[in-house]
Amino acid sequence: MRSLRNRLFVVVCVLATGVAAVVLVVLLGAVLYKGWDHLTIGLLTNAPSRRASEAGLKPAIVGSIYLFIICAVVAIPIGVGAAILMEEFPPRGRVMRALHRLVQLNITNLAGVPSIVYGIIGLTIFANMSMFPGLGTSLSPRYAMGVTWYDEFYDEAGNLLRVRTDRRDAPATVVTNGMTATLVTDTGVQETITVRVMPIEAIDALHDDEQDPSRQKLAGVLSPDAEPQRVSEKAWYYVQLPFGRGVLAGGLTLMLVVLPIIITVTQEALRAVPNTLREGALACGATRWQMVWKMTLPAAVQGIMTGSILAMSRAIGEAAPVLILCGIVYISFLPANLMDDFTVMPLQIYNWASRPQEAFHGVAAAGIIVLLVVLLSFNALAIFIRQKFNKPLS
Amino acid sequence: MLVACGLFSLGVTLVIVLTLSIETYHFFQLDEVRLWDFLTDLQWNPLLGNEKHFGIWPLICGTLVVSTIAMLLALPTGLVTAIFLSEYAPTKLRAVLKPTLEVLAGVPTVVFGFFALTVITPALGWGLGWLFELNTYNALSAGIAVGIMCIPIVCSLSEDALRAVPRSLREGAYAVGGTRFDASVKVVVPAALSGIVSAFLLAIARAVGETMIVALAAGAMAPRLHEGILAGLDPTRETQTMTGYMVMIFFGDVSNYGPEYYSSYAVATTLFLMTLALTMLGHVVRVRFREKYD
Numbered sequence: 046m047r048s049l050r051n052r053l054f055v056v057v058c059v060l061a062t063g064v065a066a067v068v069l070v071v072l073l074g075a076v077l078y079k080g081w082d083h084l085t086i087g088l089l090t091n092a093p094s095r096r097a098s099e100a101g102l103k104p105a106i107v108g109s110i111y112l113f114i115i116c117a118v119v120a121i122p123i124g125v126g127a128a129i130l131m132e133e134f135p136p137r138g139r140v141m142r143a144l145h146r147l148v149q150l151n152i153t154n155l156a157g158v159p160s161i162v163y164g165i166i167g168l169t170i171f172a173n174m175s176m177f178p179g180l181g182t183s184l185s186p187r188y189a190m191g192v193t194w195y196d197e198f199y200d201e202a203g204n205l206l207r208v209r210t211d212r213r214d215a216p217a218t219v220v221t222n223g224m225t226a227t228l229v230t231d232t233g234v235q236e237t238i239t240v241r242v243m244p245i246e247a248i249d250a251l252h253d254d255e256q257d258p259s260r261q262k263l264a265g266v267l268s269p270d271a272e273p274q275r276v277s278e279k280a281w282y283y284v285q286l287p288f289g290r291g292v293l294a295g296g297l298t299l300m301l302v303v304l305p306i307i308i309t310v311t312q313e314a315l316r317a318v319p320n321t322l323r324e325g326a327l328a329c330g331a332t333r334w335q336m337v338w339k340m341t342l343p344a345a346v347q348g349i350m351t352g353s354i355l356a357m358s359r360a361i362g363e364a365a366p367v368l369i370l371c372g373i374v375y376i377s378f379l380p381a382n383l384m385d386d387f388t389v390m391p392l393q394i395y396n397w398a399s400r401p402q403e404a405f406h407g408v409a410a411a412g413i414i415v416l417l418v419v420l421l422s423f424n425a426l427a428i429f430i431r432q433k434f435n436k437p438l439s
Numbered sequence: 256m257l258v259a260c261g262l263f264s265l266g267v268t269l270v271i272v273l274t275l276s277i278e279t280y281h282f283f284q285l286d287e288v289r290l291w292d293f294l295t296d297l298q299w300n301p302l303l304g305n306e307k308h309f310g311i312w313p314l315i316c317g318t319l320v321v322s323t324i325a326m327l328l329a330l331p332t333g334l335v336t337a338i339f340l341s342e343y344a345p346t347k348l349r350a351v352l353k354p355t356l357e358v359l360a361g362v363p364t365v366v367f368g369f370f371a372l373t374v375i376t377p378a379l380g381w382g383l384g385w386l387f388e389l390n391t392y393n394a395l396s397a398g399i400a401v402g403i404m405c406i407p408i409v410c411s412l413s414e415d416a417l418r419a420v421p422r423s424l425r426e427g428a429y430a431v432g433g434t435r436f437d438a439s440v441k442v443v444v445p446a447a448l449s450g451i452v453s454a455f456l457l458a459i460a461r462a463v464g465e466t467m468i469v470a471l472a473a474g475a476m477a478p479r480l481h482e483g484i485l486a487g488l489d490p491t492r493e494t495q496t497m498t499g500y501m502v503m504i505f506f507g508d509v510s511n512y513g514p515e516y517y518s519s520y521a522v523a524t525t526l527f528l529m530t531l532a533l534t535m536l537g538h539v540v541r542v543r544f545r546e547k548y549d
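Heads up: the protein sequence lines correspond to chains W and A, in order. Just so we're on the same page, the working numbering is the position in the first sequence counted from 1, plus 45. Just so we're on the same page, the working numbering is the position in the second sequence counted from 1, plus 255.
Please keep in mind that the hints were generated in silico from the structure rather than gathered at the bench. Note that the structure is predicted; figures quoted are calculated from it, not measured. Note that CB positions come from ideal geometry on N, CA and C, so glycine has one too. Take the hints with a grain of salt, since some may be wrong.
Stated by the list, open to error - What the simulated footprint calls covered on chain A by chain W, stretch by stretch (three residues with Cβ under 8 angstroms from a Cβ of chain W suffice, anywhere in the stretch; the number is not a length):
#, segment
1, 263-270
2, 351-362
3, 462-470
Stated by the list, open to error - Taking lysine-lysine and the DSS-like style, the derived pairs with C-alpha atoms no more than 30 angstroms apart in a straight line are:
#, chain 1, residue 1, chain 2, residue 2
4, A, K441, W, K433
5, W, K339, W, K433
6, A, K547, A, K353
7, A, K547, A, K441
8, W, K433, A, K547
9, W, K103, W, K279
Take these sequences, add in the hints, and give me the full structure.
Right, dumping it as structure tokens:
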């Protein structure tokens, strides 16, 4: 009887384990089956469009890369620094020990917070900055650098005229005879032109002039009540405060998501360094800081890098915080500066998958294949680093 | 400077708590909202023009339905898989299965949502269509997908707990004549129970906070609790969880500071408190009730 129960349990175990393996196979198989036909080069180089056959991932891929860089640059130093503080400089006094335990507990709690809450926090703190009064809103920021504001007129010949203004909220330019403007042709050529303001009757007379079909005489002519439209041109280094729903805010939000993971992983990597190494460094007369910087860190760097790569691969796959931060999900151009709108790969997949047309489901499946390939290569990189630099430490 | 890095994490928690509290406070300062209604009202439709209701219970019910289905799938499967991996599996099989579970853990949740919408729902409709009618958006397929996502978490944490049990206990069980089943289930699992319970709680916290799967597969209609408890708990119907509601609000780019905008903060606070309680409980269970094996 007991051996029967034993064998039955083995069967149950195998079944349960099989569930996980079978599910993975079915998942990958379904994704491959649905997406294989849509896996074209166009998927990687096009922008998303209304037609499923032309939809592409290019803005999403670029956005993911930007976000990855910003997140890594911010999260890894802070995370590694915090972990070094927790592990290498243990506190002595009672108060500091209690603080140490509090910070450790805090990191564990932060790891369990749902990523959507991080998205909401990022939206409030980084994008809108509504906590700090007086910074304006994200659409009309208080501080901006790298932007020039223009008033745009259309002259009577249909050309585009631009006049520089000082600030975003400067009053609208009043047309005066003889002021200089920049004429922007369709091809993008810019030339300076002097504005001529003529009364309405004279303009109408010139319109009816049959000897001048190309309206040469009307170039640069504005009626006295012409109203401009304010536009802005942002350089590539444009920054504004509050950050707005752009790439920088997205990267910082993602940093919040991966920070607990990086701290935990770095702590474990530092713990794996045997104490003999540390004591040897101290015995040679090194200070605490020298020991950490020159001895412990190089010994632990392999574990830190592996863990960081895995944490960043999780960050690439996160869609919820970016969804909260971005709002609008139909982005068809690349981000032009740090504050511009963007999208990431999982978000684009979500956008396609939530559409009712069947063809978009196939495109979403192809996008999933691309995303999984990226993630698998990250994991493979981590494993490769683990194997290659696996030097014995004692 | 290192101290600044260390205190940064404390700062993050402080910022989370402060932001959520302030915005929730703004929510309850609005004329249309009262704290009593929030805690007791059984309807949630803040987007309706005249008749706005702000009771939180429908959303909590939606979250609980999806999470319960997920846990019914994930907890037994994960635990039994962990027992198999730590007690029964030969080393070569283990070397194949562990990476499989790691890959499953690394799959982004959007993929699971897509899987739920395009594979699980049609499969359920095809297989169980004669039993009951299944809406395109339903809680059942979302719950199954969330469960599949949580299996690796339960499995890896439980397996860590099981492997931490020293061999002497197992050998003692064999010595008194137990089978492998007896040793595993009657000796090792109770010895590792604190770690296993902590793993369960962490998986529940993860399932509660899951966003993309429910956003894709569960729909956007809050459970209609005022029609009766069973109608609200029906898993074949479209449902909306707390996270799904937040996605819906912020997806529409609502930036006028109206009641809808603040209502999502109130929901976020509720969600944060739930996951915080679960995580802390898991930590306390693991530390407090940890068995001393020697």
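Status of the hints after comparison with the structure:
no. : hint            : result
1   : 263-270         : holds (count 6)
2   : 351-362         : holds (count 8)
3   : 462-470         : holds (count 6)
4   : A/K441 / W/K433 : violated (42 angstroms)
5   : W/K339 / W/K433 : holds (21 angstroms)
6   : A/K547 / A/K353 : holds (28 angstroms)
7   : A/K547 / A/K441 : holds (17 angstroms)
8   : W/K433 / A/K547 : violated (38 angstroms)
9   : W/K103 / W/K279 : holds (22 angstroms)
Of the numbered hints listed earlier, those contradicted by the structure are 4 and 8.
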